[in-house]
Structures are given as structure tokens and as C-alpha cells.
Amino acid sequence: MAWTDICAYEDLVENSGICALLNGRQVAVFLLELQGEPQIYAIGNYDPLGKANVLSRGIVGSVGEQIVVASPLYKQHFSLTTGQCLEQPDVVIPVYSVKLQQGRVWLNAGQQNQQASAA
Amino acid sequence: MQQTKQILVIGNGMVGHHFVDQLRAKDPLAQITVLCGEAQLAYDRVHLSGYFSGTSAEQLALTTEEAYQAANIQYRLNCWVEQINREQQLVVTSQGGQFYYDELVLATGSYAFVPPIPGNDQPHCLVYRTLQDLDAIAQSAAVSKVGVVIGGGLLGLEAANALKQLGLQTHVVEFAPQLMAVQLDQAGGQMLSQKISALSVQVHTGKATQAIVAGAECRYQLQFADGESLETDLVLFSAGIRPYDQLARSCGLAVGERGGIIVNDQCQTSDPHIYAIGECALWQQKIFGLVAPGYQMARVVVSQLTGGGLSFSGADMSTKLKLLGVEVGSIGDAHARTPGALSYVFTDPRAQVYKKMVVSKDGKRLLGAVLVGDTSNYDSLLQYALNDMPLPKQPEQLILPAAAGAPLAALTLPDSATICSCHNVAKGDIVAAMDSGCCDLAGIKSCTRASTGCGGCTALLKSVVDDELKSRGVEVKNHLCEHFAYSRQELLHLVQVGGIKTFAELLSRHGQGLGCDICKPTVASILASSWNDYVLKKPHVGLQDTNDTFLANMQKDGSYSVVPRIAGGEITAEKLLVIGQVALDFNLYTKITGGQRIDLFGARLEQLPAIWQRLVDAGFETGHAYGKSLRTVKSCVGSTWCRYGVQDSVGQAIAIENRYKGLRAPHKIKMAVSGCTRECAEAQSKDIGIIATENGWNLYVCGNGGMRPRHADLFATDLDTETLIRYIDRILMLYIRTADRLQRTSVWMEKLDGGLEYLRKVIIDDELGIAAELEKQMAALVHTYACEWKATLEDPQALKRFRQFVNSPDADENIVFVEERSQIRPATAEEKRQWQQQIPIKELLVTTLAEDN
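Quick note, the sequences are listed as chains A and B, same order.
If you read the first sequence in the working numbering, its first letter stands for residue 1, the second for the next number, and so on.
If you read the second sequence in the working numbering, its first letter stands for residue 1001, the second for the next number, and so on.
Everything labelled a hint here was simulated from the structure, so no lab data went into it.
Don't be surprised by glycine CBs; every beta carbon is placed ideally from N, CA and C.
A couple of the hints might just be wrong.
Derived SDA-like pairs: lysine to any residue, alpha-carbon spacing no greater than 25 Å straight-line [claimed, not checked]:
| # | chain 1 | residue 1 | chain 2 | residue 2 |
| --- | --- | --- | --- | --- |
| 1 | B | Lys1145 | B | Gly1256 |
| 2 | A | Lys51 | B | Asn1814 |
| 3 | A | Lys75 | B | Thr1055 |
| 4 | B | Lys1364 | B | Leu1342 |
| 5 | A | Lys75 | B | Ser1487 |
| 6 | B | Lys1501 | A | Gln35 |
| 7 | A | Lys99 | A | Gln39 |
| 8 | B | Lys1832 | A | Leu21 |
| 9 | A | Lys51 | B | Ser1487 |
| 10 | A | Lys99 | B | Pro1809 |
| 11 | B | Lys1832 | A | Val91 |
| 12 | B | Lys1537 | A | Tyr9 |
| 13 | B | Lys1537 | A | Ser62 |
| 14 | A | Lys75 | B | Ile1518 |
| 15 | A | Lys51 | B | Asn1807 |
| 16 | B | Lys1538 | A | Ala8 |
Computed from the model, here is a short list of chain A residues facing chain B with C-beta under 10 Å [to be verified]:
| # | residue |
| --- | --- |
| 17 | Thr4 |
| 18 | Cys7 |
| 19 | Leu12 |
| 20 | Cys19 |
| 21 | Ala20 |
| 22 | Asp47 |
| 23 | Gly58 |
| 24 | Gly64 |
| 25 | Glu65 |
| 26 | Pro72 |
| 27 | Lys75 |
| 28 | Leu100 |
One chain only, chain A, in its complex shape (with noise of 0.2 Å):
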């Protein structure tokens, strides 16, 4: 699938998140420091729960191991790895790939969770 350029680097906000479009999609890109090294990912905005587009603008933290956001609504967990609702087993949101180059952001359209793509 194709990627989409989507923004430059420092449009992203350091453990925080931003909404990007991504052909007609809402997606919520997220920037963590891992041990001292950016990291970034990238899940669906659209939150199944709370039946709106918030994730971005969650806080994100880690559960055990997991790396996730908490939903602004009604606070559920999601992975921002696996798309997992940490609280809800049967609810999965998209998970999307990410790459930097030359201080862009790039996003992938096609997600990388074939499972959630029903969702």
C-alpha cells in the first residue's frame, strides 16, 4: 500500500498526540520517548466505546508492558501497538504503520492489524 506524507516531524508533540487525515480516515499519531529514543505510533482516532473521535487526544502511559492511551471519554486502555481494547477483549481499533524520513511523518493507509479492520 501507499504511503502518505503526512506532517513534518515537529508538528508532533512529545508524548502527546495529533489527528492526521488520512484518506478519509482518522488517525492519531503519537510521540513517545522510549529509554531516551523517539518513538512513533499511529492508531485509529475513532474510539468504539465512546462513539467519537478522541484517541489523540488521550493521555498515554504504559500498562505493565504495554504501551497504550487512555480514551479522554471514558477512559479505556488501547494498545498503541496491537490496537487491543485493554479492558474490552472483543474490541480491536486499527493499528497503522509509521516511518520517519528526512524529518517527515509518513503513514501507511493499509493497517497493519487485519483483524480490527472490521471495526
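Could you slot chain B onto chain A? The hints should help.
Just chain B, lined up with the frame of chain A:
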């Protein structure tokens, strides 16, 4: 065939109910019928005065009709018994109902004694006994200014408290030369009088009321034997109780010379099939007017009816309570009547504390005690007295202030020691409950019922449980979350002591993992309370809940609401027009809030800066409706306009709101200022409530509305503005420094060891010597306040965050509004689905966007 016996109970007061409850627990099959004279089933008479400070009849109720039905207990309300036919074992009610019994239990209680004073039967001459009485008192108080309680005993002072809470000028008239003559010695009674007088309840002792006649200034005038008189609008008799024994008399049961149904050690009357329990029963010439002995009698009869061998052997009449906010305790032989008894007395005239200890001739046993103004030693002393424990070599240590810090260790109590006398729970029962798996206070309370009666043993129970847990090596954890093994208070100390300015620094030095949605906002709040940095400064951005990040309140569809500050609820017409115009221009839904300001709903993320630019330009500041911080200071219109107002409540509210705006705290803080005692600003439901008096301001603290309502406690009276502000500074700073995450002031205070009294000691008496430091910290926060929206609008970096998409000017298509009552509201999922089927998304976007401009 005991199970099929008909058990009939007359009376459903606290004791009657306890009997029913206990009998049903012991014998699931017994046929129980209850005849209740009042309109509702049993309620808590011990805490009756709470009815005037916000406790509802439902909260006072000890049971419900549903519960009785579920337990298969037959009951009749408003049911008065006319006659007992002992031969036929039949009871006849005034409505003509007939109830046969195998065993009859009289729990008819007592009635308030009204002294035979001419004029005692006038409309506003009342008694204080039942919920019905309370309603009558409230009705009378509404058209009265002055109230007098005749009787200065325990119940009389409770009644005086009720009148005071109803806003009346309150007097207590007592025939004896001192208050509470049964429980206190003369010196203790005098100290109590002094303390109560200081709380603006006037005490008149040694006064015999001879007549109640028409008054000149007030409705009535009391005429005393010494020729003096007192004007009042309302008279409340609380001159003792008399047992309800007419039924027993008329059916020929033995009664005492001065009333009371005579019972033996099994609580049987002179008819072996009739028992009497509680305040109607006379045992060895004694009536027991407390709930605990009544409960004991109830258990004795249950035991008799279920084949047990329990008998009644008298009861301890020791009591600890708070009257008009004054702590009073009385144990055993308070008057030192035991031959050879010795008394130790400690008086602190400055703090107005009086303590007396009565010991045996050899100084080895505690016989009694009187405590006024400070009952912190009560639990220890009571245990010495009840368990006949040998006193320390220097028994006076037990009441001297130095010993206050070292209460009797719960671990040293014998297993037989009674902890809760209402439900007769011994320390051994509590330990057994913990052995069987209960390991927290709530669990132990529900499984042993300890501390669920009068509640006087709460502190002792907690220390028994805590000590027991400690001795079992259980560590009580209070960790914030998996990333920090510290409580909020400990983290705050780490931040302040270590001069830590960022979350990353705190996490690397004291935590683990990446943090989460619990610790990040908590630490953000701690950092803000400690250093007052702009909350959207780069390192803090990712810590905030979305509401703090975008300085607005997220609603269910992801849109936001906007609340400009309207200090004290005062706003000019020009500013109202600005709000109205902004709402029109951005198509926002407007609603007046409970905090006397205006909420604007339906703002999209990307609209927030433009909306706020307009508001800031017009002189508005952020209202912090999104923050764990001061929300509003509600006010009534006060003396400036109101006929009744005695101070400028609006001016005070505005000053206070401006002082504390932006203050970050463990949870939101609400305040109010009322201009007079009519309390139109509802200050007593706020964290900080201020009510104007003729002489200044009364300060109420730690109230709450909402999900868990709590009436605020009167903290200090008649303060000048300077002292008022100083106290509020100290209280808020102490709260910020010591409360748990998301703990409102009400819960914080309840959890504070020593509660309100402790808070007074720290804030007013500065016992910890931290008052100056607290004020200094608050001053620093007040002086570094800046409006976050103004700062945000001036910061292009921060403004970049206020867009829906980093790579597109489009709006969120999932935010759709429809019209309802001439304003917008979010479309339901069903409405959105219908449109999406009819109209292509792009078109819908155009229309919704067009509405904005």
C-alpha cells in the same frame, strides 16, 4: 413447636426494631407481628438533630417496609393499642384490630415529660421526640426568631442544637444549678455552660419556670420564680422522659411507683408471657434512657424466646457525645459517690477543657470520669473502667495533656473488652471476624455490626483493626498507581523537597514505566500547585487530561464546552451581550450553570481559540470549569440590595473568587458566600462556605453537594475579612498538600485523623507551626496567577494544537448537530446514520460548516 409461636411486638422504636431484627436472625420461622404507633418504621433517634442539618428521614431510617416484607415480618403503621387482654392473650387496637399472641413484647418507649406549667399547652409549645415533633418544630421556627429549650439535660442540649440550626436565637433554661446534672459534676457542668454560651446559646441555670404568658417583644414570655422573665417565640420542653406504661397499668401488670413496667433479669413483666424492653421497662428501680441498654434487653428477650440463657444484669451508662459542637463524656461514677473515691481534676481555662477522673480508694481502679471540651481520652478511660484493668502507677497521666498522644494501645485490651456497646461486640469478636477473612473496616463493620449503632466507638474500632492488621504484618498500601509506589501526599513532598519540576524527572527518580492516565494528571496538578507553571508549557502538555490540555470541557461527541469566569455570578449587561453574540456567531448551545455562570456547548476543537480571542478581548478570563481547581464562588445579592442582607456577599465572593482562581488542587473546589443566615447561596453545601453575620463572617468547611452530599461544618464564627482569608488560605493549602488524588474536601476531612477538631487545631491554633508556611505558599500561587487562555492565545506553539487535523483544514465529520428548542444539540447515532444514507458526507460537511459563519 417454638417456631410457630405468635410473637407480637408493640412499638417500633430503636429497641423494638433491634428486637425484631435479632429475633429474625436467630429464628427464621418465628411469626412476628409489629404494631408501630408512628407513620414510619424505626428510625435513628440518637442522631435526630441531624434532621435539621441535612439528614433526611430516609437516611435516619433503620429499616424499610420492603426489608420487613422481605424478612416476612408483619407490621402495622399508625397503629395504637387500646387494650391488652391477658386472659385471651389478645391485643385490641384503636381501629378495632385484634391480634392474638403467644408472647408479647412491650417496646413502647417513653414520651417527653411536659412540666405542669400554666400556659404549656399553647400552639408554639412543643416537644422534641419524634420525626413528627421535628416537623412541628421546623414549622414553628419558620415564623419565630427566638427559641427556648426548657431542660438542660442531654436531650435538652440536643434540642437546643436543633433550634440553633434552624437559625433561632437559642436559650436553654434549666431548673438545676448546672447543665447535664445526671452525667456531669458541678465543675464540668459549669465548663459546659461557658463553652455553650460562647457558641451564642444563652444558658440560664437555677431557673424555675412558673408560667408561660403572652410576650411583649416575642410571642411568649417565660416567668421565673425569682421574678425575672425571658421573651421567646417558641418553647421546647425537654425536661426528661416518662415511660409509656399506660397499657401495662390498665391490664394490671406491675409498674413502679414513679412509672415504668417492672421487669426481672429476663426482662419478663409480672405476666410471664409479656416482656418489656427499652425505656418503658423498670429494672431494679432503674429506667435506662440510652440505646445500648435497650439493645441488651432486646437480646435478652430474643435469647429467652429461642431457648438461650441470657439475662440482663444492668448496663453501663457511660456516654460520649458532641452537644452543640462541644465534646462531652461521662463514665461510671462521675459524681464520685463511691465511698472513699478519689478524684483527679485537670482544667485548662484557656482551651476550656475540663477532665476529671474518679479512682478507687487504693488508686488502682477507675470508677468514673467526666470530660468536657476534649473527649480524646474517653475510649481509653472507658476500657479501664469496663474491664476493671489496673491503672498505671500515676493514673493522672491518663488525663494530662502529655498523655493525649499515647492512648491505650488497642493491642493491650483483653479479648473480652467491649468495643461496641450498642451491638455488644467484644474485641474477640473483631479478631475472630478478621480470622475469618474480613480485613478492612467496612467488612468488619458489616459482619460484626460494630460501630453501626451510635457510632461512638468508630475511632476505637479503627485502632483495634489497625493494630491487629499491623500485628499480622499486613501493610496498608496507598500507592497512586503501578508507576509510583507513593501516595499523592508523598509525591507532593518528593516534588517540593527535591525541587522537581517535570514529570520525566519525577518518574526517573521515583517511579517506573511510562506513567498513565492516573499518575500523569495527578503529578501535573502537584507541579501546578507547587510551582504554578503555565499548564501547557511543553513538558506538561502530555500530562493533562484533555480538558486541561485544551482548556475546555470535552462532551460526549468530542466537541467542547466553554465557560468564561463570572466571579461571584456578577456580570455587566455589556459582557452578557458579548457572550450572547459569541454564542450566536459560533452557533453554540447556551445553558446557565449551577455555579452562576454560562456554559457554551458545541465548540469544535479548532474553534476554541477564535471563541476565546473574542472573550479575552472583551475582558473575560478562563473559568477553569475543566480543571481540578476552584470552580465558582456562588453568592446571593447581599446587603447591597437585599432587605435582609447584613454584609456585602457579592463583593466578598468576587474578591475570594479572584484570589483563588486557577488554584490547582486534588479535586475541584466550590465555594459560596451568603449575605445573611437565610443562606440563599447554599454555602453549607460547598467546600468553603461563608455566611455573613452582624459581626463578620461565619466560615463553614468541607461541605459537598452532588453524589455524596455533606453539610459543611461550622469552623469559626464572626471572623473579620482578614482572618477569614487567612483561614481559607491555610485550609486550602493544607488540603492541597495532604489530600489524596480526586479526594474532595468532605472526604479528606472525614479521613483526617481527629477530623474537624484536628483541623481547627492546625488552622486556628497553629499546633503544627505550619500556618505561616501555608500562607506563604498560597501567597506565591496567588501572585503568579495568569489566565491560561490569555497565555495560550499569545503562544503560537500552543495554538498549533487546536486543530482537528495536522494535515487538513477539515472538521470532524462525526460532530453533527440538530436543532432542539431553538438551539443545537448533538445528533444521535440513529440520526447520523439516516443522514449519511441520504446525503454524501462532503455535502453534509459543507452545510454544517456554513452554519458556523
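Violated hints - listed by number, lowest first: Hint check: 1, 3, 9, 28 fail, others pass.
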